[in-house]
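Student: In the order they appear, the protein sequences are chains A, B and C. The opening position of the first sequence corresponds to residue 1226 in the working numbering, with each subsequent residue numbered one higher. The opening position of the second sequence corresponds to residue 273 in the working numbering, with each subsequent residue numbered one higher. The opening position of the third sequence corresponds to residue 343 in the working numbering, with each subsequent residue numbered one higher.
A hint or two may mislead.
No more than 25 Å apart at the CA atoms, straight line, and that leaves these computed lysine to any residue pairs for SDA-like [said to hold, decoys possible]:
| id | chain 1 | residue 1 | chain 2 | residue 2 |
| --- | --- | --- | --- | --- |
| 1 | C | LYS495 | B | THR313 |
| 2 | C | LYS495 | B | THR287 |
| 3 | C | LYS495 | B | THR327 |
| 4 | C | LYS495 | B | ARG283 |
| 5 | C | LYS495 | B | SER297 |
| 6 | C | LYS495 | C | LEU395 |
| 7 | C | LYS428 | A | MET1796 |
No lab work stands behind these hints, which were simulated from the structure alone.
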Amino acid sequence: MNPLDLLYGAGGAWLAAALAGLLAGSRRPGLLTCCALSALGGAAALAGGGWSLIYGNTPVVTPGGAAQTITGGPLQLQMTSLAGVFVTLLGIVAVAIAWYAPRYHEPGHGTAVYLAVYNLALFACLAVLAAGGMVTFLVAWETMSLACYLLILRHPRSDASARGAFWFLALSEIGFLLVVVAFVILSTKTHATGLDAMAARAHLVNGGWRAAAFLLALAGFGFKAGLVPLHVWLPEAHPVVPADGSAFLSGLVVKLGVYGIALFAFRLDPVGGAWPGLVTMGAGAFTAAIGILYAMGERDIKRFLAYSTIENAGIIVTAFGAAMIFHAYRQPQLYAFLLIAGLYHVANHGCYKTLLFLEAGVVEHAAGTRDMDRLGGLVHRLPRSAVVTFVGTLGIAALPPLNGFVSEWLIFQGLFQGFRTGSHLIAILIVLAAATLGLTGGLAIYAFVRGFGIPYLGMPRTRQSAAAREEGQPIGGPALLAVACVALAVGAPVVLAALSRAGRTVTGVSLGRLLLPGELTVIPAHADFSAFSPTYLAVFLGAACAVPTLIYLAGRPRAGSTSVPVWDGGMVRFRPRMQYSAMTFSAPTRVTFDALYRPAVSVRRASDDPAGRSGPVHYEAQVTPVFERYLYRPVIRAVEWLADAIRPLQSGDVNLYLLYVFAMILLAYLVGAL
Amino acid sequence: MPLWFARGLRRGVVTTRYPARPDGSAVALPTPPAFRPLLLTREIVDRMIAQCPGTALSRAADTLVFDAGSCTACGRCARVAPHAVTPSGEFELAATTRSALIKMVPILGERR
Amino acid sequence: MTPGPDEATTAERLRAQIAAQFGRSLHIRTLDTGSCAVCEQEIRLLSAPHYDLHRLGFFFTPAPRHADLLLVAGPMVRAFEVAARKAYEAMPGPKVVVATGACALGGVYQADPFMHGEVEAVLPVDVWIPGCPPSPLALLHGLSVAVGRLAEKVPGLAFVADENGGGA
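Produce the entire structure from the sequences given, and follow the hints as far as they go.
Tutor: Encoded structure:
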């Protein structure tokens, strides 16, 4: 009995859910059955993933024997500890979304197909993570991409939907191509298709090919993970998917890209020398900074969260890159430590990002809009959702005592020990990456104060927002994730113990007391650097909040007190338009980073009167889409030019086509004869 | 720095000690009028009322009703009847009731 | 004086309460309800080195929430009424309202569609300080009366001159 058996159960449950959804999803009982099966699968995946963290790598299983599948290679399954983290995340995300979906979706034909495809996507993700061989991995990866494409295409008649789905598919396919080439390089050089076998024979591949394979994998998986400038599908695709689909995409699918990078970096292709780690770390740091900077300029909650996902993916990849550098400089403890810290951030981000996307869906259904500048005052109208969103916001802004703080602290502590590499240049570069992450962290707090404060606090800016109601909105799934966030924070020692077992399986380095010296304290791989106890911090912060409460309860005036409105400067009527809007709140950042945003500003006045007394002033500022314009558009234009150049070949003339066939046969004979 | 200190010591402290000690500049303040009842006649009082730009002066039968709260110390009533009106020199006029500021001055001049 | 939640009822207890509460330090919020701004200038002069209200423990504060005393000048134009009420209500008890200047005491303008003419029409005034404008010395005297450090003089004045001049 090993974790893989539990995952068979999970996969079976998800296939059954897909079938149930397809056949019966148009009615509420069928919808509920589908979601229940999905949750069951999620629970099984959670259990299996968690178990595999401590179990270690299962042996490779080849169900169906060595028989070739239709794709030309045997089906090979294996559950590794590295994948176990991601499977655990998959499990909890699936359970949360399954709990959320019944109240979110209206039963109907579209929902039926959507849920069937979603469960198929879950199954495909599981297959990617449980893949033991190259062919299985690639087939499952492509299935997952196509299933996600169909998810994004929930409303096929909408232009934005089609556009977002197309961006996703196009970039997914380009990434897949690069990944295939990377895998093929490794596979031909090591003469194996099983991942374990490829890992064992990695030393047979010479330096140049290994470097090429790694870079191709970094780029190919980077498309899925959202590394800048390969990220452009994220802000296009997320707004058009239903909320649970966005949650799935951000919470899990992006993590699969990260898993792919980790697979190549730590298992299949650990390239000697520091430069791959430097490239990865640099790409990650750059992604993190760019991600959060673009997030500051977004009014649509989902686009904002999409850019935040890019930022967090960057943080994780930075941690992995630094781990690779430490490995190259013979610092095995820090290598294992940063890998563990990165995996911890994967789990944390999966939890709170999924939560935030699900809550964005609740807001969209309750208030009818996703535009922050049309919301406001939701804390009074959606109180339970506000509390849950607040927990998620605290997590993602990396504020103590929640889980985001713990994992980012760990990553920072690992980066700060760059001096242990012994090389000044490397140490400086690692510090630069840490500084970039510091900037990112500060901007993230600013961004999420805006992201929570503008929609939830203050006065409602529109009538729709004032009319939002909590009844009938899903709360169970997000609440479960909020509990998970708190548990991941307070139970950090337990989580780290499990992750360090996983880390030992991947890296061969056992941190043991160098990570957890006992008594709920965590140290960053070296006892002489720093120490921190997430559990005690949580308890202390709780107690610190209790002190002013007790003082108030003991010392407040015994007689009654009057309640008067907030002092607003004596204004006759405080109108919602007098509040901060989302764009004015982020204006300082947009002004500071003007060179990045390059806004195209247009100002139109009704008259020349500078005070606008003769009519309104129309101000419009648009962030220039730098990557689309300067990177993708030239490539797209080049492809179109190439297609135009080749078009004469397809003249429609049958005789010309016969000539082609003849020429090809001739060429084949010649090549075969040589 | 020492120069400033020395100059300050020579000149002394500028801050007033009021209300603990009287302030010398108070004598130059414009203040509400004080009346001489023996020199007031109804005619003079009516002329004063006509000249007062506010509502400080009014007459009720043989009493001049002087509202010290409304007085702006403009001095017009003193110009009308310089022998009957003189500056009171009082500037500490704060009151905890509004009625304490309304004074009744009898009109005791010869012509009644 | 508008009492705070637990407040004495007799006059002596009230005076003792005022002295105890505000005797050491008083925070003043000024309000200009449509005056010519000369009263404001005299009030501002209180912060200057010559008059220096800080040595008496008085401080200006812009936030009504932190204020103990509301110093109102101006004839209370109707457009300001809402703001004046909001400022008064925003002050926590115990609080004192002081009206300064002839305008605020009703001596200059009559009630008409644009103004009330006196502060008492809108806010419950505790101390009146006449003058146009009241000199900083008069203001210091009035503030000291408001906190109970000095007794008021004006009830004992008759504004009747004897042969030497001066009010008696």
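Student: With reference to the structure, classify each hint as holding or not holding.
Tutor: Hints, one by one, checked against the model:
Between LYS495 (chain C) and THR313 (chain B), the direct Cα distance comes to roughly 28 Å. Violation of the 25 Å bound is thereby established for this hinted pair. Restraint check: the Cα-Cα separation between LYS495 (chain C) and THR287 (chain B) comes to about 24 Å, which is no more than 25 Å; the hinted pair holds. Of the supplied pair hints, the one linking LYS495 (chain C) and THR327 (chain B) holds, its CA atoms being roughly 22 Å apart against a limit of 25 Å. Our distance criterion of 25 Å between C-alpha atoms is broken by LYS495 (chain C) and ARG283 (chain B), whose separation comes to about 33 Å.
Between the alpha carbons of LYS495 (chain C) and SER297 (chain B) the distance comes to roughly 19 Å, so the proposed pair stays at or under 25 Å and holds. Proximity of LYS495 (chain C) to LEU395 (chain C) is assessed by CA-CA distance (about 21 Å); at most 25 Å being required, the pair is judged to hold. Of the pairs offered as hints, the one joining LYS428 (chain C) and MET1796 (chain A) holds, with about 8 Å between alpha carbons and a cut-off of 25 Å not exceeded.
Checked against the numbered hints given earlier, this structure breaks hints 1 and 4; the rest are met.
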